[in-house]
Amino acid sequence: MKQSVTLGKVTKFMGLGFLGTIKDLFTGKLEKEDFISFLRKIVVPIASILLFIGLWHMGSKTLYNIEAEFRINKALEEQGQVAADAVAACIALGEDSSCQPNTLPSPAQVWESYQSLLRDHNIISADKAAFIEKTAALNEKRLAEGKDPITYTGRPSFVDQIFRSLKTVFAGFLLALVIAVPLGIFIGLSPTLKSAFNWFIQIFKPVSPVVWYLLVFMIVKTVLIDSNEDSSFTISFISVGLCSMWATLVNTAMGVSSVDKDYINVAKVLKLGNFQKIFKVVLPSSLPLIFTGLKITLSVAWMVLIAIELLAQSPGLGLFVWEEFQNGANDSNAKIIVAMFVIGIIGFLLDRLMLAIQNWVSFDKTDAI
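Position 131, counted from 1, in the sequence shown is what numbering that gives the first Met the number 0 calls 130; the numbers after and before it change by one each time, with no gaps.
Simulated from the structure, these hints should not be mistaken for lab results. Bear in mind that the values here come from a model prediction, so they are computed numbers and not experimental data. Beta carbons: idealized from backbone N, C-alpha and C, even for Gly. Please note: incorrect hints may appear among the correct ones.
Computed beta-carbon distance windows for the label pairs [stated by the list, open to error]:
1. G153 to H56: 32 to 40 Å
2. S47 to L269: 49 to 57 Å
3. A135 to K220: 29 to 37 Å
4. S194 to V158: 43 to 51 Å
5. V360 to L192: 22 to 30 Å
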């Protein structure tokens, strides 16, 4: 009975929705448990976000003032009071970017840079669409003659670079899955293979992404020496896959080796073949650990992607961050912060995606047989 009442309260709270909850809050009809839940789920996160933005704003203002004061004092020491007054006036006006302190941007500056990147994307997209329209007839003629079509070679926008990074990370993740899961199954089923591969895993698992990139670069540049294709994407996704596959490999081997022996015995009694045993008994029983490894693999792939894209000069988020850092323009720092938030949000969404897939494919182990 108590469970039914509690379930009813939860259903009522969820059914009210945000606006209904606000209404009940001001009319005094919101129950204590619902009010505490409302505070924890809505008010506390909003308050923490506002606190974060406030501290960020104060921190950026403090750093701005420190650098501004340093520039004025430096001008005073080196050139005198007139030059110091000129620098102070230039900073106060804010019109000349050459004299402005270039430090941690404020939340408002980051938001302005985000909108600027979106406007830039719309302009580039329009230029690309116009180019495709102008060259459509010519490309049809070139294709009919067996020639390669003329492609758009303009710079990619920030949104284009996001999609390039997603393409790279998913290709690397797929490569890691194809290598790690089958190999992990074989290692988990065979103590001999486990002993044979253990040293290999322990040595190469902690290797830095930079070293993996250099190794892949050595091999791919030789294999594709006569190819006209973009090798930066190939190098990037292979490097990402090799860097991130180890968690899936270890977890798969651990999950397979820890399958309940009763399930294996039942499979023997039913005279299941090797492939039937793997797909009907071993894999379903190992799914929780395998998906834990896959989640870690995807997270690692997304983290190492930035460094690898930078090294490979692949036009993704990694190269975007590096170019803005090298650029040193007045809004470059703000654009880097925008990229940081985008990277973090995408990483969170990828983790939620893996969790949703895990919940979708999971089922009771007893259903495997």
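Here is what the structure says about each hint:
no.: 1; hint: G153 to H56: 32 to 40 Å; result: holds (36 Å)
no.: 2; hint: S47 to L269: 49 to 57 Å; result: holds (55 Å)
no.: 3; hint: A135 to K220: 29 to 37 Å; result: holds (35 Å)
no.: 4; hint: S194 to V158: 43 to 51 Å; result: holds (49 Å)
no.: 5; hint: V360 to L192: 22 to 30 Å; result: holds (26 Å)
The structure fails none of the hints (numbered hints given earlier).
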